[in-house]
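Novice: Fit chain C to the known structure of chain W by using the hints.
These protein sequence lines map, in sequence, to chains W and C.
Going left to right, the first sequence walks through residues 1 to 114 as the working numbering numbers them.
Going left to right, the second sequence walks through residues 1 to 413 as the working numbering numbers them.
Since no wrong hints were added, every one of them can be taken at face value.
No farther apart than 27 Å at their CA atoms in a straight line, the calculated lysine-lysine pairs in the BS3-like style are these: (1) C/LYS151 x W/LYS93; (2) W/LYS3 x C/LYS151; (3) W/LYS93 x W/LYS41.
Okay, the calculated beta carbon distance ranges per label pair: (4) C/ALA383 x W/ASP60: 51 to 59 Å; (5) C/GLY349 x W/ASP60: 48 to 56 Å; (6) C/ALA383 x W/THR70: 33 to 41 Å.
No wet-lab data here; the hints were simulated from the structure.
Glycine is no exception: its CB is placed at the ideal position from the N, C-alpha and C atoms.
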Amino acid sequence: MPKYAILIFERELPNGAADIPPEVLAEHEKVPGRVAELGGKELGGLALEPTWTGTSIRGDVVTDGPFIETKEALAGVSIVEARDLDHAIELAKLIPIMDGGVEVRPLFDFQVTP
Amino acid sequence: MVEQAVADAHRREWAAVLAATVRVTRDLDTAEEAVQDAYVQALTAWQRDGVPTRPGAWLTTVARRLALNMLRRQKTFEAKLPLLVDRDTPEPDAFPDDRLRLVFTCCHPALSAEAQVALTLRLVCGVPTPDIARAFLVAEATMAARLTRAKKKIAKAGIPYAVPSASDLPARLDAALTVIHLLYSTGHTAHSGADLVRDDLAERALDLARMLHLLLPDHRETSGLLALLLVHQARRATRTDTSGRLLRLADQDRTRWDKALIAEADELLVDALKAAAPGRFTLQAAIAASHAQAPSYAETDWSEIVTLYDLLLAIWPSPVVALNRAVAVSMLAGPAEALVEVEKLEQDGRLAGYRYLPATKADLLHRLGRDAEAVEAYEAALALTDNAAEQEFLTERAQLFGRPENVGGVREN
Numbered sequence: 001m002p003k004y005a006i007l008i009f010e011r012e013l014p015n016g017a018a019d020i021p022p023e024v025l026a027e028h029e030k031v032p033g034r035v036a037e038l039g040g041k042e043l044g045g046l047a048l049e050p051t052w053t054g055t056s057i058r059g060d061v062v063t064d065g066p067f068i069e070t071k072e073a074l075a076g077v078s079i080v081e082a083r084d085l086d087h088a089i090e091l092a093k094l095i096p097i098m099d100g101g102v103e104v105r106p107l108f109d110f111q112v113t114p
Numbered sequence: 001m002v003e004q005a006v007a008d009a010h011r012r013e014w015a016a017v018l019a020a021t022v023r024v025t026r027d028l029d030t031a032e033e034a035v036q037d038a039y040v041q042a043l044t045a046w047q048r049d050g051v052p053t054r055p056g057a058w059l060t061t062v063a064r065r066l067a068l069n070m071l072r073r074q075k076t077f078e079a080k081l082p083l084l085v086d087r088d089t090p091e092p093d094a095f096p097d098d099r100l101r102l103v104f105t106c107c108h109p110a111l112s113a114e115a116q117v118a119l120t121l122r123l124v125c126g127v128p129t130p131d132i133a134r135a136f137l138v139a140e141a142t143m144a145a146r147l148t149r150a151k152k153k154i155a156k157a158g159i160p161y162a163v164p165s166a167s168d169l170p171a172r173l174d175a176a177l178t179v180i181h182l183l184y185s186t187g188h189t190a191h192s193g194a195d196l197v198r199d200d201l202a203e204r205a206l207d208l209a210r211m212l213h214l215l216l217p218d219h220r221e222t223s224g225l226l227a228l229l230l231v232h233q234a235r236r237a238t239r240t241d242t243s244g245r246l247l248r249l250a251d252q253d254r255t256r257w258d259k260a261l262i263a264e265a266d267e268l269l270v271d272a273l274k275a276a277a278p279g280r281f282t283l284q285a286a287i288a289a290s291h292a293q294a295p296s297y298a299e300t301d302w303s304e305i306v307t308l309y310d311l312l313l314a315i316w317p318s319p320v321v322a323l324n325r326a327v328a329v330s331m332l333a334g335p336a337e338a339l340v341e342v343e344k345l346e347q348d349g350r351l352a353g354y355r356y357l358p359a360t361k362a363d364l365l366h367r368l369g370r371d372a373e374a375v376e377a378y379e380a381a382l383a384l385t386d387n388a389a390e391q392e393f394l395t396e397r398a399q400l401f402g403r404p405e406n407v408g409g410v411r412e413n
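Just chain W, with the same shape it has in the complex:
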């Protein structure tokens, strides 16, 4: 099955994931199981610390902060296997969102066009 990245964008919390309310975290933990129930597979998930913890490297210059500043920051990534885009969208909808949204992007290495 093709692989998709689900990019999670949220308005930033001061301490990032540490500030996520417990009930939202609990919802996050249920996602892999629900993905499997819907016939997909979560291959991995990442939660990112806030953008102020980031360090940018351009050429030899190392600077503080993120490369790209936006109102909503990339807060996490989930990699899933899905039958097609519709299936991936269905899986992406399982991710609890507080104040942002998700973007579904196919991963380059998939070879199957349904």
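Specialist: Structure of chain C alone, referenced to chain W:
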């Protein structure tokens, strides 16, 4: 004779043949090329052997064979071989479902609205790319690039070639109906110029609406959309006079409206209006049909029309609908009351640049005897349209009510 048969087959069967071919190739570009070649081969083969009894089946067989040959030549055949197995166990008469898949692939929400319309025209209707470019007033290369991008996204993002699941169907179907409506509107009143392609677009949209209705007969909004397009089509010939000037509804020759189309629309509406909550296309169709049934403009049932507009606004709060409702209000309650509504819309700002707002205001002002202001409003409307027939209409109205030196030129103030 054979040319006509091929042209008919193109019109009627293109989508079905393409859809059946895509199912084998899983690749839109290859399938499209193969289908095009199949139609070219039909010209000579049918000349030689006669027109087959089932042209669609003949074309599908040939297109599928050509597509497999192309894939083999592209050397991707072996890589793709495992995918070519027809996972869906094709049934020979599964055409309707196939076409439906194609429509929903083209109208997938992951594609931009303009790509949805262009792709539907290209893939479902088989309209050549240069014609689509002309209809949307862009360069052929631009349209070709747009279509290529959309097809690439279908392949790369894995947009499925499928009818959405029951839970997704209502939302997706709305996108498909909207595309068809947009297609018809583009053909109905072109933004500029005047060209035969526009008539063609309207007819393609009507074909599509008929097809969707045929495939989803129980879906009431699909009946509603078809009814709406049929009423528009019935009045089509009377929208301009013999010299191409735009005629208002009040001035149209109702004896020339196509009674058969109106009757067909009425029949569809009877069913569509049974829905507990009729959708926006059904309500728009009911409004159009109400106009079509009136023996004259004066005898229109304005009260019914205002009621229908109220229902429509409740489910689809669009400023354009509010503007149209104001026109009906002017007939029911007088121009003064309608003018209040129009001025509210003017302040709202969402219709800035919409030519029918100042045009409507102008008409109301004229009916209130405020001709000088009416002329100004006509000029404002004139500045917003590039369509020759509309320009002429607005210029004439402005000249009728204004002093000649005020009209058409740049006014200093």
